[in-house]
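S.K.: Here's the letter readout for the chains.
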Amino acid sequence: MINRSEAPALSTIESIDFVAPKIHRINDMVNLLHMDEVANETSRFDLYFDAGKIRGEKSIASFVSGLLMSGTHEKSAIQIQEEINALGGFIETGISAESSVISMYCLNENLLALFEIITDAITHVSFDAQEVKDFISDRKQKLQINREKVSFLAQANFQKELFASDAKYAQVLEDDHFDALTVENLKSFHKDFYLQGLERVVVVGDLPSSQIARICNMAKIMAFTQKPIFAESLQNKAGRIEVFKKDAIQSAIRVGRTLFNKNHEDFQDILILNTILGDFFGSRLMANIREDKGYTYGIGSMIAELQNTGYFLIATEVGADVREKAIDEIKFEIERLQNELVTEGELELVRNYMRGQLLKSADGPYAMVDLYLSAVLQGKDLEFYNEALHSINSITAERLQELAKKYLDWNDLTIVTAG
Amino acid sequence: MIQFERFTLENGLRVLFLEDVTTPLAVVNVLYDVGARDESEDKTGFAHLFEHLMFGGSINIPVFDTPLQSAGGENNAFTSNDITNYYDVLPVENIETALWLESDRMLSLAFTPKSLEVQRNVVIEEFKQRYLNQPYGDVWLELRPLTYEKHPYKWATIGKSLKHIEDATMEDVKAFFSKHYCPQNAILCIAGNLELENVKRLSEKWFGDIPAGNKYERQLPKEPLQTAFRLKEIERNVPTDAFYYAFKMPDRLHPDFYTIDALSDALGRDKSARLYVTLKKEQKLVSDINAYIMGSLDDGLLVISGKLNDNISFEQLDKALWKVLETIREEHMQPAELDKIMVKIRTAKAFQDQGLLNRAMGLSMFELLGDANGINHESDKYKEITTQDIHRVANDILQKDRCSLLRIKSKKND
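Taken in order, these protein sequences are the chains called H and U. First residue of the first sequence? That's 1 in the working numbering, and the numbers climb one at a time after it. First residue of the second sequence? That's 1 in the working numbering, and the numbers climb one at a time after it.
For reference, chain U alone in the conformation it holds in the complex (with noise of 0.2 Å):
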């Protein structure tokens, strides 16, 4: 159970206060309801790009980055298709380092024509490392314009291309901040061995001034339900032949997400899951079997991915896999199968939960969702899972007319 406090100030930001005697280190968690899918078509990547730009300077603090090293502490966030997270983490006597320079860079950014520029080398060579110059990285940027055809998840966090990121403007910087940056579109969590009257006295001094800005409504084309399977065939210069099943599902607060979470750890979590032991150990299709799911906020996907074995085909295991699929359909599970996913859930869970800034991320996305407290219910919901139930979601999510499936083809193999 994760104890925590919260209120809100009159500009609309959201406060969650998590106390822990235990520790001599403070979190401060910024979390903005922005995301790779609010961007414009026409100008992807914008979103974590700008997360690059805030480190870049703010009206009154020339760079980020050195008052919090003074103080002992780092920082460092991450861009999502759904949120942007920003983090702090330092000792909690200096935790109004942390507040000021926060509530400064929330407040109005101040970044050069320089700091522009230098950001979009270092995002373009970021693109470069992760995605273009490693076998197999640009699986992401030719599966999600295969599954999504209107909803922006079809493309990546780090942006369609790099021309996207090259040519933007600093017009174009400053008009995503406005729009995204404020108080109503954040939340702010600070956690440590601190009172919470010193917690809201602090929140008011170094955020209460900030001006509340527009609440950002946000409206998404829905993504039309699927009723065809997709197959995208591509070449690369990889030494194996990989594949992507992916399968459509629903929201994050969809009630079956759970259930289909622990669907997807059925199939392929560990080296005893179904997709393992019969494509890889039993019938030696594969060398390496996943299952997993996306756990984005807007209908998601379960993908199944792994890379065939030497001489095989991309057909024998199509066929393989998906009788697979059809016995997790057809057959309901034995109960010690289902206790086998429970009991790692919950080991995964007790370790999440022992890191502040852990607990800190999660309580902040839980309060997005609609309310922190969720983060203790999640534990009850997995609980309540039953074999029927998993049998119902196979059926409902494991159909080919909901799968796309993408096949990196070597071209060493031809």
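Isolated chain H (complex conformation) (with noise of 0.2 Å):
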């Protein structure tokens, strides 16, 4: 009979290969990455714009990234769908607060021509007055079933107070925003940030040099020459607020506050500290509000990184009766953190999770080259990584405390409840 009591034993993963794409230069600035070692058939493409949504007001860039492929003077908005659909690819289009993304996912043989097809309809769509018509009708509508959700608004007010020192960061979608929205607006927004915004492509895939040299072509017309200028930083209004939504079982709760990115020396240290408060099964947040209290189904934190900046986030749905008994333990949980040391066991079990998830977040191409871009947006490269299994390395309980005291202060805290 084996023993199974004693644990098998475990070997630590003393290094991590990181694979960095090859870069191939579209104009001065302008980069297409290409993440070549794809065993497989499948492939994808981003475009990245300088269309983020602090490029305008009242919600243009969400409306114009929303309107996208909605037809150009040649094709309509069905045809459009018809081809990109009868060469089997997937788009996404996404919006963040800085920057504007178009994704495609298809099989390596069909990409060249699904880039000609997204950049077509990107660079000469014509914001037809039906489309931009029906477009409007179908925000508004799903405006109004997000309302609905306790998530929902809080995160939306969330936004609001944690970007408070820039009304451009702040903005979200309102009501208003649906009748200041013009046709003339659509085309002056497209024409500043698409037309001549284009900041980066990133090709997945197995394809061969001279696609991607068309590529680069293709995208040349595109890319903007100008750097783009971003906030160099954010102050979040400290604080609670209180969303009413009537009849709601369930409360939704954030707390953060306005912090920094991978330029900052703090940084690798409080992704651990961020690790052991929220952002694994086993943190302290999880451990007592879900596997201790049963206050909610998930609570987690998390860093989030902006070019110049970042912010911390807590997020969670807890029953409507028991909201202020989980701040209150989300307040302990941090307090903790700042009285007492983390203990030596807990800080080894951290240590091993957080190398296993470095492993996997630079596991197969597609993750690669994400976590490449997560590092080269900030002006890093690969060593950053290096560094930071370093840091995991050699975090102390001192410094973790020290972090705690400096980063997570209560009053510096946005809370937003909303139930």
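Among these hints, one or two may not hold up.
In silico EDC-like pairs for lysine to aspartate or glutamate, Cα to Cα no more than 20 Å straight-line [claimed, not checked]:
| hint | chain 1 | residue 1 | chain 2 | residue 2 |
| --- | --- | --- | --- | --- |
| 1 | U | K179 | U | E197 |
| 2 | H | K142 | U | D396 |
| 3 | H | K133 | H | D179 |
| 4 | U | K150 | U | E315 |
| 5 | H | K140 | H | D192 |
| 6 | U | K114 | U | E126 |
| 7 | H | K149 | U | E41 |
| 8 | H | K325 | U | E126 |
| 9 | H | K245 | U | D310 |
| 10 | U | K271 | H | E92 |
| 11 | U | K271 | H | E131 |
| 12 | H | K149 | U | D138 |
| 13 | U | K281 | H | D138 |
| 14 | H | K133 | U | D310 |
| 15 | H | K246 | U | D310 |
To give an idea of the chain H side of the interface with chain U (calculated C-beta under 10 Å), a few residues [to be verified]:
| hint | residue |
| --- | --- |
| 16 | E6 |
| 17 | I13 |
| 18 | A77 |
Label-pair restraints from in silico Cβ distances [said to hold, decoys possible]:
| hint | chain 1 | residue 1 | chain 2 | residue 2 | range |
| --- | --- | --- | --- | --- | --- |
| 19 | U | A110 | H | D321 | 28 to 38 Å |
| 20 | U | K163 | H | H390 | 49 to 59 Å |
| 21 | H | K187 | U | N311 | 22 to 32 Å |
| 22 | U | R130 | H | K237 | 29 to 39 Å |
| 23 | H | E116 | U | T22 | 23 to 33 Å |
| 24 | U | E142 | H | T225 | 53 to 63 Å |
These aren't lab readings, by the way, just hints derived from the structure by calculation. Quantities reported herein were computed from a predicted structural model and do not represent experimental measurements. Ideal Cβ positions, reconstructed from N, Cα and C, are used throughout, including at glycine.
If you follow the hints, you should be able to join the two separate chains into one complex; please do so.
M.R.: Structure (structure tokens):
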């Protein structure tokens, strides 16, 4: 019989192979990143534009992003979709505060043809009046539905408080944005931030260099030639906001503050503090608020990055009757990090878990290119992840306590509840 | 082509091995042949509650997650109406940790009364978060009992009501474990940069001495043939009217399964599909419309769902929708349309097969269906589909007598 009460021996990850994509220049400011080692016929391309929400007012950036496939003078929206689908393409569009991205997932044999279809659709979008009208009506309906969700209400109001120092970052979709929308505004935003706004192209897939050269060539006309400017720093408004939602049986909670990104000396170490607090299943918030109290299905914390800055966020949905208790426990867990040293046992577990996660985030061409992007966006390279391994290996309980005191003072945090 | 090896331990545990030398990670996937369909009608939501309890500690291990996290890994699980599936992803060097954990909880559970109480609460909060406190969240709680009268698909995985979860006792849970959680009712898949001999040795070492248990013989009532259209209209505090047309379709192993999947793609997979183009883009009746199949193992459903535009009535939509369905029943589609559907299926499959975890889950699921190698025949089965086949199944499936319609009326529109 084997001894089941004894855990099998473990080996520790010593080093991780980080693979950089090949860099092709589109112009002096814009690159194409190509991850070519893909062992199957899958492929993806992403087009990043300097057309994030902060580039306009009254949600214009988000409206333009939503209308990119709405048709040109030559092709209707339906024709464009027919062409994409006939080549088996799966398209995704997304927009964040600082960037707009269009991604295409397809077989490598169809990538070049799809790239042509997509760039033609983006550059020649005509903002047909009927398409715009239908789009607005859809968006209005979606907004009404979202407003029935406590998570949406909490997030939208949290964003306003979090980015209180900069109105463009604080923008969330409001009813009057629909009334302010004109075809002229759409066209002018599109001209400024798409026709001359391409920041970066990413290609993952086994493709011949001749195709990459053609893609660079096609992309050149949209590539920007001036370095874009982003907020250097942002400041949250500390304090509590309560949003009322009639008959809600759960309340959504958001707690957080503005912070910094990879370029700050405390960044590597605060990632570890964040993991302990709320970034994995065994985290303190999960262990206490879900696994001990049963107040929630899930609670988590994260560190998010912007071009020059970043922020920290805790998010959860809890039973409406235990909302205040849950907030007390969140406060308790944050203060425990300030008042007590993390034990060596817990720290060793988190070290092992984080090394495993880093290994996973470098596994395979798709994960690896995203990991690489996350570094280069802040002007770093893959050395950042070797440094991350070093930080994980050498962090101390005292250092974590110091960071908790420095950055997680309860009085500095924004707290938003909806329900 | 997914290459794999297969062997069975003496206690009846089926083991699949998928070699992949390109990744530093390994996957251990354990599929248990038990889902919400195996619950009794007065104790629903049990398979899923039980899945939560499987993380509450086993006979030799107080907490499941901690050793796995110490090994640099993570894990999760899901329950459906058909199966319960647990998986661990970790660095391949530490694969024994996952085998130790999974074998110990197959051997015997040992969670405390407190763990039961907490997980009951967690599941109740999950019930609220996903089904009760979301606009349209309770659709499946309403649609399932409308479409199924006899078969246990008539309740959702989460359960019929909060009360069934609240009432779960320790005795119920123990009985459920001994009935369903044993080597004979499980499929283990090990994937990663490993060698077959090693996989055989490790499987035998950790799972070989677990008692075989009793093979669970499933005897579920068959859903009688639906012979009349069903309609249910409910009112909810939602901003927009929504509709769900559910058509009966055959089980997962039926020869027409893949053809019906392709039919649903033609109707509503994407923005060039028939329902989207006709009802949204041309006639502007809906803001959104999709068609899909549920993919269940027993007799399933093809569902068409969407939301109405403002000032459009359910009756207007109904007339237009049946007209689109009549067209696909009456006229053979052009080969170009079928080609489009096929290239999307091929692309989706290529992406699905590239992740190790997906492949491990896929192999386990096909083994449950009778042969893991079925995963390699799937593409051929799609390729064989002709426009005549689509025409035939459209006439078979898209009949009003086999349809149940749920309408959710917005209270605000009154």
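S.K.: Confirm or reject each hint.
M.R.: Evaluated hints:
Simply put, K179 (chain U) and E197 (chain U) have alpha-carbon atoms about 32 Å apart, too far for the 20 Å limit, and the pair is violated. A threshold of 20 Å between alpha carbons decides the hint, and for K142 (chain H) with D396 (chain U) the separation of about 35 Å lies outside it, so the pair is violated. For the suggested pair K133 (chain H) and D179 (chain H), the alpha carbons sit about 11 Å apart, so the restraint of at most 20 Å is met. A C-alpha spacing of about 30 Å is found between K150 (chain U) and E315 (chain U), which places the hinted pair above 20 Å, so the restraint is violated.
Simply put, K140 (chain H) and D192 (chain H) have alpha-carbon atoms about 26 Å apart, too far for the 20 Å limit, and the pair is violated. With a C-alpha separation of about 18 Å, the suggested pair K114 (chain U) and E126 (chain U) falls inside the 20 Å cut-off, and the hint holds. In summary, the hint linking K149 (chain H) to E41 (chain U) is not supported, as the alpha carbons are separated by about 31 Å, beyond the 20 Å threshold. Taken as a hint, the K325 (chain H) and E126 (chain U) pair is honoured in the structure, with Cα atoms around 18 Å apart against an allowance of 20 Å.
Straight-line distance between C-alpha atoms of K245 (chain H) and D310 (chain U) comes to about 24 Å, which puts the hinted pair past the 20 Å bound. A distance of roughly 12 Å separates the Cα atoms of K271 (chain U) and E92 (chain H); the hinted pair therefore holds under the 20 Å criterion. Pair hint K271 (chain U) plus E131 (chain H) holds up; C-alpha atoms about 14 Å apart against a cutoff of 20 Å. Simply put, K149 (chain H) and D138 (chain U) have alpha-carbon atoms about 14 Å apart, close enough for the 20 Å limit, and the pair holds.
Our distance criterion of 20 Å between C-alpha atoms is met by K281 (chain U) and D138 (chain H), whose separation comes to about 12 Å. Distance restraint check for K133 (chain H) and D310 (chain U): the Cα-Cα separation of roughly 13 Å lies within the 20 Å cut-off, and the hinted pair is therefore satisfied. Distance check on the hinted pair: K246 (chain H) and D310 (chain U) sit about 24 Å apart at the alpha-carbon level, beyond 20 Å; violated. Hint status for E6 (chain H): holds, given a least beta-carbon distance of 9 Å to chain U, under 10 Å.
This hint holds: I13 (chain H) has a C-beta 6 Å from the nearest C-beta of chain U, less than the 10 Å allowed. Interface restraint check: A77 (chain H) against chain U, minimum CB-CB distance 7 Å, threshold 10 Å, status holds. Range check, A110 (chain U) to D321 (chain H): about 31 Å between beta-carbon atoms, so the 28 to 38 Å window is met. Taking 49 to 59 Å as the suggested C-beta distance range, the pair K163 (chain U) and H390 (chain H) conforms, at roughly 53 Å.
Checked against the hint of 22 to 32 Å, the pair K187 (chain H) and N311 (chain U) passes, with Cβ atoms roughly 29 Å apart. At roughly 32 Å, the beta carbons of R130 (chain U) and K237 (chain H) sit within the given window of 29 to 39 Å. As the Cβ distance of E116 (chain H) to T22 (chain U) is approximately 31 Å, the hint placing it in 23 to 33 Å holds. Distance hint for E142 (chain U) and T225 (chain H): a CB-CB separation of about 56 Å, consistent with the stated range 53 to 63 Å.
Comparing the model with each earlier hint shows violations of hints 1, 2, 4, 5, 7, 9 and 15; every other hint is respected.
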